[in-house]
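First to last, the sequence lines map onto chains A and B. Number 419 in this note's numbering belongs to position 419 of the first sequence; there are no gaps in the numbering. Number 1073 in this note's numbering belongs to position 73 of the second sequence; there are no gaps in the numbering.
Some hints could be false.
Unchecked claim - 25 Å max Cα-Cα, derived DMTMM-like pairs, lysine to aspartate or glutamate:
1) B:K1224 x A:E355
2) B:K1226 x B:E1159
3) A:K237 x A:E164
4) A:K237 x A:D309
5) A:K542 x A:D440
6) B:K1260 x A:E113
7) A:K391 x A:D357
8) A:K190 x A:E134
9) A:K462 x A:E483
10) B:K1157 x B:D1233
11) B:K1226 x A:E134
12) A:K237 x A:E355
13) B:K1226 x A:E653
14) A:K640 x A:E122
15) B:K1226 x A:D334
16) B:K1224 x A:E122
17) A:K190 x A:E122
18) B:K1254 x A:D357
19) B:K1168 x B:D1133
Unchecked claim - What follows is a set of in silico ranges between Cβ atoms, one per label pair, in the way DEER data are often shown:
20) B:D1245 x A:R79: 47 to 57 Å
21) B:A1162 x A:I12: 31 to 41 Å
22) A:D658 x B:E1237: 31 to 41 Å
23) A:D658 x B:D1238: 30 to 40 Å
24) A:A657 x B:K1168: 21 to 31 Å
25) B:V1232 x A:A10: 52 to 62 Å
26) A:A10 x B:D1245: 37 to 47 Å
27) B:H1153 x A:A657: 52 to 62 Å
28) A:A10 x B:D1238: 29 to 39 Å
29) A:A657 x B:D1245: 42 to 52 Å
30) A:D658 x B:K1168: 50 to 60 Å
31) B:D1245 x A:D658: 15 to 25 Å
These are computed hints drawn from the structure, not numbers from a lab. Cβ atoms here follow ideal geometry from the backbone N, Cα and C, with glycine treated the same way.
Residues per chain are reported as follows:
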Amino acid sequence: MGFFAPWFLAGIVAAGLPLWIHLLRQHKNTPRPFASLMFFERRTQSSIKHRRLKHYLLLALRLAMILLLALLFANPFIRRAPVPGSGKKLVFIAVDHSFSMRYGDHLERAKREALAVVPPNELAQAAAISDRVELLTQPVRDRAALEAAIRSIAPGDATSSYAEFARFLRALPKNSGLPVEAHFFSDLQKSAMPASFADLAVAPQVTLQLHAINENTPSNFAVQSVTAPARIFGNRKARIQATLANFSAEQSSAAPATTSRSCTLLINGKPADSKTVNIAANGRAEVEFNDIEMPYGANRGEVRIDGADPLKEDNRYFFSIERADPAKVLYIHDSRQSPAYFRAALDAGAESAFEMDALTPDQAVNTNLSRYAYVVLSGQTSGALETNLQKYVNGGGGLLIVLGPASTAVGRVPVTGARILEGRYSTREGDRYQSAAAVDSTHPALDRAAAFDGVKFFYAAKVEPAQDRVLAKLSDGTPLLVEHHMGEGRVLTLTSGFDNVTNDLPLHALFVPFVERLSRYLEGGETGQSNLRVGGAIELRKSKERGAAADVVGPDGQRALSLKEAASALTLPATQEGFYDVRTASGRRELIAVNADRRESDLTPIPAETIALWRGTGATNAAQPVNGEQPEPVPESLWKYVLVALLAVAAVESWLADRFTPAAREEPKPEVRRQAA
Amino acid sequence: MGTTQRFLNPSVLAGIAHLELVAKTVVDGFISGLHRSPDFGFSQEFAEYRMYSPGDDLRHVDWNVYARTDRCYLKRYLGETNTHVTVLLDASASMAFASHPTSKIDYARYLAASLEYLTHQQRDAGGLVVFDDEIRDFVRPSSRQGQLQRILHAIEKAEPHARTDFAKPFLHLQQFLSRRGLVVVISDFYDEPARVVNTMLPLRYRGNEVILFHVLDPEELRPKLKAPALFVDMETEDAMEVSPDYAQREYRDKIDAHIKGLRTEAEKAGIDYFMVETSRPLDEALREYLMVRQGRM
Chain A
1 MGFFAPWFLA
11 GIVAAGLPLW
21 IHLLRQHKNT
31 PRPFASLMFF
41 ERRTQSSIKH
51 RRLKHYLLLA
61 LRLAMILLLA
71 LLFANPFIRR
81 APVPGSGKKL
91 VFIAVDHSFS
101 MRYGDHLERA
111 KREALAVVPP
121 NELAQAAAIS
131 DRVELLTQPV
141 RDRAALEAAI
151 RSIAPGDATS
161 SYAEFARFLR
171 ALPKNSGLPV
181 EAHFFSDLQK
191 SAMPASFADL
201 AVAPQVTLQL
211 HAINENTPSN
221 FAVQSVTAPA
231 RIFGNRKARI
241 QATLANFSAE
251 QSSAAPATTS
261 RSCTLLINGK
271 PADSKTVNIA
281 ANGRAEVEFN
291 DIEMPYGANR
301 GEVRIDGADP
311 LKEDNRYFFS
321 IERADPAKVL
331 YIHDSRQSPA
341 YFRAALDAGA
351 ESAFEMDALT
361 PDQAVNTNLS
371 RYAYVVLSGQ
381 TSGALETNLQ
391 KYVNGGGGLL
401 IVLGPASTAV
411 GRVPVTGARI
421 LEGRYSTREG
431 DRYQSAAAVD
441 STHPALDRAA
451 AFDGVKFFYA
461 AKVEPAQDRV
471 LAKLSDGTPL
481 LVEHHMGEGR
491 VLTLTSGFDN
501 VTNDLPLHAL
511 FVPFVERLSR
521 YLEGGETGQS
531 NLRVGGAIEL
541 RKSKERGAAA
551 DVVGPDGQRA
561 LSLKEAASAL
571 TLPATQEGFY
581 DVRTASGRRE
591 LIAVNADRRE
601 SDLTPIPAET
611 IALWRGTGAT
621 NAAQPVNGEQ
631 PEPVPESLWK
641 YVLVALLAVA
651 AVESWLADRF
661 TPAAREEPKP
671 EVRRQAA
Chain B
1001 MGTTQRFLNP
1011 SVLAGIAHLE
1021 LVAKTVVDGF
1031 ISGLHRSPDF
1041 GFSQEFAEYR
1051 MYSPGDDLRH
1061 VDWNVYARTD
1071 RCYLKRYLGE
1081 TNTHVTVLLD
1091 ASASMAFASH
1101 PTSKIDYARY
1111 LAASLEYLTH
1121 QQRDAGGLVV
1131 FDDEIRDFVR
1141 PSSRQGQLQR
1151 ILHAIEKAEP
1161 HARTDFAKPF
1171 LHLQQFLSRR
1181 GLVVVISDFY
1191 DEPARVVNTM
1201 LPLRYRGNEV
1211 ILFHVLDPEE
1221 LRPKLKAPAL
1231 FVDMETEDAM
1241 EVSPDYAQRE
1251 YRDKIDAHIK
1261 GLRTEAEKAG
1271 IDYFMVETSR
1281 PLDEALREYL
1291 MVRQGRM
């Protein structure tokens, strides 16, 4: 006898509770005053013994209840040899429908072979396997239902994960309470193996039968990756690089055979360019398409290998490129703060993605802020402009606040309202200058290049960050760059300035990439989700604070979100290859290209010995005796019997307790009435 | 009548705060129940005629008899003056016991107050002794104006306290009760019957008439227990676990024997004994008592 979950036996400790109630509490009898004990005698009363005896019975029942409850959770089992021919097992039929199963007629073959093993009158369950186990039926004896479920399996775009499948098989005997005979129909590709072989182990009650659906010499061409800019601005032309791969199982000592393949670039379904490349067996080849004209807006790009291929779905690679005019940036500054350095940095950016308007606060009050990708506020402001900026940020806009020395007098950061404790000036006598000490390089606004190396800061306003995230600090601990989230938007506060007075940052080479990074982040274009893999998450909103609906149209042209998901979901998993047209909660429209994981393109099968090892982790035909040998005993869960016993004990305890305790409660209590003095 | 009887219920009396009103309610209701019989009471009573002998006070000569018979006869009474009625109220801790709204001390208070009120109505001299293991309060018997109020005040003040010990207070009492009269003892008599009665005997020998009112709660007579309970003696604070079996059999036998013993000992000593349960209407106790006394007259 054993336990499936022995750690629940720790619950037996709770048996101490009734023991305490019966043995310790019993002696804590509530004293009842009586006029005189003159006529009572001190001796053990037989009735007390009798009553205690009854209580011991109650105690025993309560202890039994707790023990049975702990036992129930521990799920005891006994090993019993299966009766030959009794058919007491679960046949689990799993069909791999990952992306690689699109190769030739692999999936159809797998389904055909799976149909052949559906038992005529035995308990069986069907499932489709990819990166997760998708159960298609409950354990049933209905052959027609099982066959229908297997026939309904459609090819998927997800990767396969044998570790996930094995994990499921480890839990299946416990959940079903039966030994399992598992049939797995898959191409058994090597790339789906987990890093550790231990992850493949199945439970000892599982008889694993692996049905390989693959070719001896699979050959496959694939577009492995495409590098393309997510966005281009103005009149610039796109430069697209693609990596083509030739997966072949042929291992030859001679010089690898080279295959010539034609590769076509399609923009919005129309061929834009075509090139021919030679790809060696198991080799890679780079293709570059230069000076590609892109129409304005979101463009659907595709790099395709021409020619027949058993796995044609990986001969193409989707990508999206958005062409737009340079985004407008508004720089609000007073007469003391010059935008010259910032403008120069923006203009020097590699992509020239931004154009800057510089306005004074008075001019900016009546400006429609929604036209701008983000706003830079240099100095202080208040009143109507501050209100407009708050609305702008709450609606999803980005704001960069640059605090100059004048801000210290006001004592608060505009828009966010954070307190400014003091202005920290580096003195000539003391530290002379501060340098950036702690920089959060993982933040999208700060990459490694912008670590402020060698930058001298002579002034910084000491801002109380409260709940905000400090992205960079000076050597004395003064926050340098603080991020604050408001509604759907974000605010970055630079506690120093963009002039050449409070620091020498504008004179450093890193200033330009720093401004470029900041600009991308504040504009919201840093999400990097224009290209995703199947299984990746499409970000719909940053927080659940606002109920603005998101909208997603999937590759099949259908809306992918329910009403509830549209109003509240933060992300949506991408499950198919193709283009997802996304409108996020902040109103931003994105075209996201989703491609299958190219590890699926490598059809190299698992070595035979590994397959044998995997098969050996489970039982070896436990339910089917061979040559008259005694079959290995299989565990049989006893939880049902324990549950029945528990219910019976609970019923008796309830009846007994009802007989004892109310009588005690109804005892008349003599009242002692003492008159108030 | 119905209204009056309702007021004689101890639990109803317990709701009346003013003790004098309680006593008045009891006695008046009870008197109306007796149809105002002229024979009740324990005031100065005619006893006999005696031949005049030289030296006798001429004020006691019955001149009517002399006119009819030409012989001098003296008219003799039971008491030379009004009778002294002294109520001894036990205020030991055990008297605080109650299984219903009226505790034993409350019942004893009402009883004492009613007797004092009755005494006052008869123009007799009422007195009060409150005791536990010693004399806690003493109001000398008197028929002066305001005496009833003094006594009622003392009764009201009597709070259950300490243990019962008859010997010590009764020894002191003999010093105060110089004149013969009626002594009414109200207690739960948690002591040996012989010892209780022996304590009273000196009073009896001095010519006092002694009446014992044994006040007990129904729960003391017939304790109802359905499960073992830990009883704590209210006087000694000793604790003892008691089983329902014992309480239903042996205890009842013992308390019955105690009552019987007390009654027997009292009869032997010429002391009247009345057992009253605190659940009974108050006038029942008084009626029984007066009937007995009337029969003795």
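**Asked** Which hint numbers does the structure go against, in order from smallest to largest?
**Response** 1, 2, 3, 4, 6, 11, 15, 16, 17, 18, 21, 24, 25, 28 and 29
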